[in-house]
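Starting from the given sequences, assemble the full structure and let the hints guide the process.
Here the protein sequences line up with chains A and G, keeping their order.
Sequential numbering from 67 applies to the first sequence in the working numbering.
Sequential numbering from 389 applies to the second sequence in the working numbering.
Accuracy of the hints is not assured; some may be wrong.
[Unchecked claim] Residues of chain A placed beyond 12 Å of chain G at every Cβ, according to the derived structure:
#: 1; residue: ASN124
#: 2; residue: MET224
#: 3; residue: ALA251
[Unchecked claim] Now the in silico label distances, taken between C-beta atoms and shown as ranges:
#: 4; chain 1: A; residue 1: PHE263; chain 2: G; residue 2: LEU406; range: 28 to 38 Å
#: 5; chain 1: G; residue 1: LEU435; chain 2: A; residue 2: TYR265; range: 52 to 62 Å
#: 6; chain 1: A; residue 1: TYR265; chain 2: G; residue 2: VAL440; range: 53 to 63 Å
#: 7; chain 1: A; residue 1: PRO269; chain 2: G; residue 2: SER543; range: 35 to 45 Å
To be clear, the hints were calculated from the coordinates, so they are not data collected in a lab.
We put the CB at the ideal spot given by N, CA and C, even for glycine.
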Amino acid sequence: MLKPYTNKAWFLVLPVFLLVAFSAIIPLMTVVNYSIQDIFDINTRYFVGTEWYREILNDQRLIDSLVRQFLFSGAVLAIEIPLGIAVALMMPTRGIGSVASLIVLAVPLLVPLNVVGTIWQIFARADIGLFGWALNSLGVDYNYAANPVDAWFTVLLMDVWHWTSLVALLCYSGLRAIPDAYYQAARIDRASRWAVFRYIQLPKLKSVLLIGVLLRFMDSFMIYTEPFVLTGGGPGNSTTFLSQTLTKMAIGQFDIGPAGAFSIIYFLVILLLSWLFYTLMTRNDAK
Amino acid sequence: MSKTKNIGMSAYIIFLLLPIYWLLNMSFKHNDEILGKLSFWPQSFTLHNYQVIFSDPSWYMGYVNSIYYVLLNMVITLAVALPAAYAFSRFRFMGDKHLFFWLLTNRMAPPAVFLLPFFQLYSSVGLFDTHIAVALAHCLFNVPLAVWILEGFMSGVPREIDETAYIDGYSFTRFFTRIFIPLIRSGIGVTAFFCFMFSWVELLLARTLTSVNAKPIAAVMTRTVSASGIDWGVLSAAGVLTIVPGILVVWFVRNHVAKGFALGRV
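In structure tokens:
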């Protein structure tokens, strides 16, 4: 049955439209404005067209942090999505264990981002942290503040700790929505464990996985606070991701023009990739 | 099979809890002990770090400020998202698909992009350093998500219910508040949980839009870093206290989270 067509529905959407317009369109237009002008002070500004865009696209800082960002987001998705599914499959389904694991899983999600950085700073430091101390006493030379590989490993581990639960919780609720009859049918057909997963559970998880992948991609692509607190982007620039490069440029050096151009490119990259994920994952539904 | 499952799950839970345990452990230690010898539990147990926080208004007001703007944000988000989600789930109208995607694009906008414009915008309308400014700024990413989640839940409610109510003479507002909202209770619970989560953990915008009166706890915590080094004990205690509201919220919605996600199209 088709939904009725009525433009009166706009009245219901209007509050959202106005609110988001206020906090999105005006700022976005301001950024566009910055990106095409050279601003010295409030009264002295020149129109420079696409100059900032050309400058920024040749800027090694942007290219480096973009590459790092892709590596990081790719690694995050490659680890957290399978791990999240695995955790959801392992979770107890009834009784006190189920409630307890739900709560424990949700806890990392509700820790403020800077506190996540602090927790891992305290946990992973070689001198006072359990993790860093344990690795070092096992004979691994580990110091995330000095060694880029260790820093990367720590930031990644921190993100896995922080966000895998989101994927796991989404998948868990998706799994709960599968009727028992499906499993009974599979048992009659003597389906293997893998077949049950591949042909019953995975298809049912598709819609929640779409949300999980999109949220994880968007959020990992904008990561700022956690690595900022943990490593400060270092050692060197090895864990400086896009948001941090941008913030440094806009607020640290006050290069508003290039930063504006940077912002627009950044936003468009996220938009494009999210759209790509979305169409790829929903393509089969349309058929 | 079940045994490997349990072992795997236990290992994962230990992995989740160990860093938090370490933070808790630190928060009950003196700084000398933290920097001295590594120990698995406090050798000389102390509440000193918590005393520092609870005796200083500039510390504990950080928590009050944070909770205040998070609640404000939840109320605003739900108030605007409920009717909008209803419109998206029940009607077609001019530009509906575009509007929906445009809303979602705001969820994708990195806060770092909006930092400077937000600062200028809220300063120019006189909202700088108020709770409402942070609450409004957080609507940028919470409202799209709320509309998305609620729309899924609302589409799960058969449209016949609306029609029957209108035939029975219910006005739209009466139907919406008396019948429809109770029907999607768990959806609202899940949405509120997500709003709380994303607003509570966000720091970048909250810190930029405030200076004194509405300063969030996350920004207050940077005080522990001084020229003489980091006050690890107080930092840990403050960290532990930021986790507490989260645990309370999870406790309240624990029955809705699993059920709620499954009910909606989400």
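Notebook entry, point to check: Any of the earlier hints contradicted here, and which numbers?
Noted result: Going through the list in order, the structure violates hints 2 and 7 and respects the others.
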